[in-house]
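All chains should be built: construct the whole structure from the sequences, respecting the hints.
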Amino acid sequence: MRERCSTGDDHTSSESFGCSMRELQALMQLRGAEAVEVLNKRFGGATGLCKRLKTSPTEGLLSNDLAKRREVFGTNVIPPTPPKSFFQLMWEALQDVTLIVLMAAAGVSLLLALYSKYFGGEHNPSDETEGEVSWIEGVAILCAVVVVVLVTATNDWQKERQFRGLQDKIESDHKMSVLRDGDITEVLVGDIVVGDICLVKYDNNLINELLLTISCFVNYIPELYGIFLDCTF
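Heads up: the sequence shown begins at 387 in the working numbering, then just goes up one per residue.
By construction, these hints were calculated from the structure, which means they are not laboratory data. Predicted model only: the values in this text are computed from it and were never measured. Be a bit skeptical, because a hint or two may be false.
Said to hold, decoys possible - As a list, the in silico DSBU-like pairs of lysine-lysine whose alpha-carbon atoms are at most 30 Å apart:
#1 K470 <-> K587
#2 K545 <-> K454
#3 K454 <-> K555
#4 K440 <-> K545
#5 K437 <-> K454
#6 K587 <-> K440
#7 K437 <-> K427
#8 K454 <-> K427
#9 K437 <-> K545
#10 K454 <-> K440
#11 K437 <-> K555
#12 K470 <-> K555
#13 K440 <-> K470
#14 K587 <-> K555
#15 K427 <-> K440
#16 K545 <-> K561
#17 K561 <-> K440
#18 K454 <-> K470
Here's what the structure looks like:
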């Protein structure tokens, strides 16, 4: 199982279960023949690893042992990243090149308006009237930029809320069958602990790191008019 949020340490896990979190992580990083070789030599195969983790391939874990495993190995939940604040979304929206050009144009327009009003020299009355309203163009551009930024940030904020809500719903609906106390029961993926015996079905979405202990393939033999299970331990 993948370590998602660990609260234990190697010394505690080694004393309690005969193998440390670091050893399990190293094993889960291996694939193919190399993984099988390390599993057999270092842990004594899948059966030996089950003995170290104090779990039974046929009975599973005991319910009263789950809390200790979470304490030693951690929980099977990835801590969610904190959502972006509305001001962060506004800042990201401001990084758009078009908006940057518009803000620069608005700044130039306002500077020209101020220069024309205070340093433009003598003007006739019509020019003075025009200078008094020349700042409106720059302010209008800035107002348009503010509106675009607010609309973009609001849309991104709503999308992020919808995404997090959908993610929470998927996680709350995602269950897997495990063996506990000798019975098959369905638990949330976040409630799976190190040592759980998971029964993988065809429609399971595997988001954990699992070790295959028993594999069964369905074979159809037309001559015998039957379906048989070919199981490998």
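Checked hints:
1. A threshold of 30 Å between alpha carbons decides the hint, and for K470 with K587 the separation of about 37 Å lies outside it, so the pair is violated.
2. Distance check on the hinted pair: K545 and K454 sit about 39 Å apart at the alpha-carbon level, beyond 30 Å; violated.
3. A C-alpha spacing of about 28 Å is found between K454 and K555, which places the hinted pair at or below 30 Å, so the restraint holds.
4. The suggested pairing of K440 with K545 is violated, with an alpha-carbon distance near 45 Å, which exceeds 30 Å.
5. At most 30 Å may separate the alpha-carbon atoms for a hinted pair to count; K437 and K454 meet this at roughly 17 Å.
6. Taking the CA atoms of K587 and K440, the gap is near 24 Å; set against the 30 Å cutoff, the hint holds.
7. Only pairs whose Cα atoms come within 30 Å are accepted, and K437 paired with K427 is accepted, the gap being roughly 15 Å.
8. Of the pairs offered as hints, the one joining K454 and K427 holds, with about 28 Å between alpha carbons and a cut-off of 30 Å not exceeded.
9. In summary, the hint linking K437 to K545 is not supported, as the alpha carbons are separated by about 47 Å, beyond the 30 Å threshold.
10. About 12 Å separates the Cα atoms of K454 and K440, which keeps this hinted pair within 30 Å; it holds.
11. Of the pairs offered as hints, the one joining K437 and K555 is violated, with about 36 Å between alpha carbons and a cut-off of 30 Å exceeded.
12. Distance restraint check for K470 and K555: the Cα-Cα separation of roughly 20 Å lies within the 30 Å cut-off, and the hinted pair is therefore satisfied.
13. The straight-line distance between the Cα atoms of K440 and K470 is roughly 43 Å, outside the 30 Å bound, and the hint therefore fails.
14. Taking the CA atoms of K587 and K555, the gap is near 21 Å; set against the 30 Å cutoff, the hint holds.
15. With a C-alpha separation of about 19 Å, the suggested pair K427 and K440 falls inside the 30 Å cut-off, and the hint holds.
16. As the CA atoms of K545 and K561 are separated by approximately 26 Å, the hinted pair is consistent with the 30 Å bound.
17. In summary, the hint linking K561 to K440 is supported, as the alpha carbons are separated by about 23 Å, within the 30 Å threshold.
18. As the CA atoms of K454 and K470 are separated by approximately 35 Å, the hinted pair breaks the 30 Å bound.
The structure fails hints 1, 2, 4, 9, 11, 13, 18 (numbered hints given earlier, in ascending order).
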